[in-house]
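J.: Sequence:
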Amino acid sequence: QVQLEESGGGLVQAGGSLRLSCAASGRTFSKNVMGWFRQVPGKEREFVASTARSTGRTYYADAVKGRFTISRDNAKNTVYLQMNSLSSEDTAVYYCAAGSGYGSYDLWGQGTQVTVST
Numbered sequence: 003q004v005q006l007e008e009s010g011g012g013l014v015q016a017g018g019s020l021r022l023s024c025a026a027s028g029r030t031f032s033k034n035v036m037g038w039f040r041q042v043p044g045k046e047r048e049f050v051a052s053t054a055r056s057t058g059r060t061y062y063a064d065a066v067k068g069r070f071t072i073s074r075d076n077a078k079n080t081v082y083l084q085m086n087s088l089s090s091e092d093t094a095v096y097y098c099a100a101g102s103g104y105g106s107y108d109l110w111g112q113g114t115q116v117t118v119s120t
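Sequential numbering of the sequence shown, starting at 3, is according to the working numbering.
Hints may be right or wrong, so weigh each one.
Claimed, not checked - Here are the simulated DSBU-like pairs of lysine-lysine, each with C-alpha atoms no more than 35 Å apart in a straight line: (1) K67 x K78; (2) K45 x K67; (3) K45 x K78.
To be verified - With beta-carbon atoms standing in for the labels, derived distance ranges: (4) D75 x Q112: 33 to 39 Å; (5) T117 x R59: 26 to 32 Å; (6) R47 x N76: 24 to 30 Å; (7) G28 x S89: 32 to 38 Å.
Read the hints as simulated data drawn from the structure, not as lab findings.
All residues carry an ideal CB built from backbone N, CA and C; glycine is no exception.
Modelling step: build the complete structure from the supplied sequences, incorporating the hints.
T.: Written out as structure tokens, the structure is:
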């Protein structure tokens, strides 16, 4: 069974940077795609970024393009989200997700809080 554990969240000033990590344990070979989502209270969870192990392709939400970078270390079964030029609009709980394909996420982490102060 695959488990995901996020880390790296915290409080940062506007304009600053954070790097989130998501470590996958267990039988991860079936989880080709890993992604990051975020959610604020009262709103639906939204897509942030994703990457596929098979192709190395990455996708980003328009709101984070040019500021966030998703990467993965297959040897460590870890995916990262480097977040730069953070603004208060990036404040959310960030979730790591994994699945066999894009849009087929069936495994989620517990979430990590990111708070950007102005």
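J.: If a hint holds in the structure, say so; if it doesn't, say that too.
T.: Structure-based check of each hint:
{"no.": "1", "hint": "K67 x K78", "in the structure": "holds (25 Å)"}
{"no.": "2", "hint": "K45 x K67", "in the structure": "holds (21 Å)"}
{"no.": "3", "hint": "K45 x K78", "in the structure": "holds (33 Å)"}
{"no.": "4", "hint": "D75 x Q112: 33 to 39 Å", "in the structure": "violated (21 Å)"}
{"no.": "5", "hint": "T117 x R59: 26 to 32 Å", "in the structure": "holds (30 Å)"}
{"no.": "6", "hint": "R47 x N76: 24 to 30 Å", "in the structure": "holds (26 Å)"}
{"no.": "7", "hint": "G28 x S89: 32 to 38 Å", "in the structure": "holds (35 Å)"}
Of the numbered hints given earlier, the model fails hint 4 alone.
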